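Peer 1: Residue numbers for the sequence shown, in this note's numbering: 3 to 323.
What the hints contain is simulated information worked out from the structure, not anything from laboratory work.
Owing to the predicted nature of the structure, the values given are computational and were not obtained by experimental measurement.
Hints are supplied without guarantee of correctness; some may be wrong.
In silico DSSO-like links for lysine-lysine, alpha-carbon gap of 27 Å or less [stated by the list, open to error]:
#1 LYS244 / LYS113
#2 LYS4 / LYS66
#3 LYS244 / LYS4
#4 LYS4 / LYS108
#5 LYS113 / LYS66
#6 LYS267 / LYS287
#7 LYS155 / LYS244
#8 LYS287 / LYS272
#9 LYS319 / LYS267
#10 LYS113 / LYS238
#11 LYS267 / LYS204
#12 LYS108 / LYS244
#13 LYS108 / LYS155
#14 LYS113 / LYS97
#15 LYS113 / LYS162
#16 LYS244 / LYS294
#17 LYS204 / LYS270
#18 LYS161 / LYS97
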Amino acid sequence: MKILVTGAAGYIGSVLVEALAEDDNKLFLLDDLSEGNAQSIPANVTFYNGSYGDAALLRNIFEKNAIDAVIHLAASSSVPDSVINPLEYYDNNIKNTLTLLDQMVKYGVTKFIFSSSAAVYGEPSHTPIDESHPCIPINPYGKSKLFLEEILKDISETKKLEFVAFRFFCAAGASETKGESRASETHLIPLVTDCLLGKRDKMYVYGDSFPTHDGSGVRDYIHVEDIAQALVLSLKNFEIAKNSFYNIGSDEGYSVLDIIHTAEKLYKTKIQLEICPPRPGDPAKLVASSAKIRNELGWIPQYTIEDVITSAYNWRKSPKY
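All chains should be built: construct the whole structure from the sequences, respecting the hints.
Peer 2: Below you can see the structure in the form of structure tokens.
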């Protein structure tokens, strides 16, 4: 199958490309390298350095390559930043994705796999959250993803395009060769591992009075290789999965302090903490129910939270990082 992956040089994208290559797919990778890393692009694929909102570039890709499916991972994705810069998020996530969808329809590319987010749910009324939970996002990032979900439903009714949308919870961990690597890191587990490795002096904990068991925010952390396998499964079983929404999570919730204390226990060290005010747009608790994808596609996560932390630690201490 000829597959175009946007955001292919990013965190999830680079791990997904490894998984897709195992099935002898012909891969075409697109990334503007604003967040992604050029060194993560394999030598044996066709790489386009540019934006998924560049209509001329997309026309060139679709005209030359007879693409069968698009996996769209590229997006602006920081919740706090989206609160500060909402227009940038609506422009990149919505406007540019509309350009991508428009070109797909014009060139008859009918299979679209979309990276959505648990942020579409907002502050949950119950946990674990299943796909029927009301979607009331509380930050521009989540709003941008929900708006695109609605657009995909509308397009699918025209029969011009079919989709699978994944509501990712917190991607974490690393493969043996790929992991999180950003110029400015905001995600919890990389920051924790950097404290363990002596690259940071302390951890900032944003909020200690949430209505959770220890006052810090609770999230569902899912290993990035489990995410990649869910994406691969959806492509292999597209006729079953098409026009569906799936949560991708571990079905377990861990607070910020849980993660820190687990890391301390694993590596027999103490991390210095500083409690800060909560960040705007952060819900207290987001934990998935992934029963739907488990039942319909047979997806089973393989990694524990200890695996997630250990793999992230190994990645961030390695020469490859």
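Peer 1: Going through the earlier hints one by one, which of them does the structure break, listed in rising order?
Peer 2: none
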